[in-house]
Amino acid sequence: DQQVKQNSPSLSVQEGRISILNCDYTNSMFDYFLWYKKYPAEGPTFLISISSIKDKNEDGRFTVFLNKSAKHLSLHIVPSQPGDSAVYFCAASVDDYGKLTFGQGTILTVHP
Amino acid sequence: DSGVTQTPKHLITATGQRVTLRCSPRSGDLSVYWYQQSLDQGLQFLIQYYNGEERAKGNILERFSAQQFPDLHSELNLSSLELGDSALYFCASSVRGQGGDNEQFFGPGTRLTVL
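The listed protein sequences derive, respectively, from chains A and B. The first sequence lines up with residues 33 to 144 when you count with the working numbering. The second sequence lines up with residues 323 to 437 when you count with the working numbering.
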């Protein structure tokens, strides 16, 4: 039972344009959501998070949107840069527990 | 650099053997998490320790065990290894053991290959 799903295995974007990565979840108990970026042979790097009491959180070029009714979140990267090319994972947790449930990841490629 | 260290970086061993993976959390972090990333399963939560005590368990096999020591470093012990245990094992740490605003910071991982 995959509680966090990233339905797009890959995304290709031109440098300077917007990258939009999507994530859906099924567990209504999730109330904290995170995005991680991962390069090959490295551990995931925390990017941005959002609590379920918010619907938007921004940090520089990264914005995460949360639609609780649709159980959907998205990560917007504007403008996209070649250095953003990596695998992006969304993750979710239940407030009472620390463990993260991860999606399968989306490979983002930003072309110069 | 996340501040989380893991050793060894690579480990090659044979079926039936036992190995120990080590993790040092970021300074000040009390909680340690272990995750397994295999090719077909993605990142899967194994177990969490908070300030020396087990806090949560995921899909961890009985052949696997972990502990967190008084200095807060943690070890993951994998025994009776099988080919299917080959994976990347990540350790993560966070300040608290629960609650929102509790981002986890990941180490570089240990790549285990069982031959």
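Keep in mind that the hints were calculated from the coordinates and are not lab data. Take these hints with a grain of salt, some might be off.
[What the hints assert, rightly or not] DMTMM-like, lysine to aspartate or glutamate: derived pairs with alpha carbons at most 25 Å apart:
1. B:Lys331 to B:Asp362
2. A:Lys70 to B:Glu384
3. A:Lys37 to B:Asp351
4. A:Lys86 to B:Glu425
5. A:Lys69 to B:Asp362
6. B:Lys331 to A:Asp63
7. B:Lys379 to B:Glu425
8. B:Lys331 to B:Glu425
9. A:Lys70 to A:Asp116
10. A:Lys70 to B:Asp323
Hint check against the structure, violated hint numbers in rising order
2, 3 and 6
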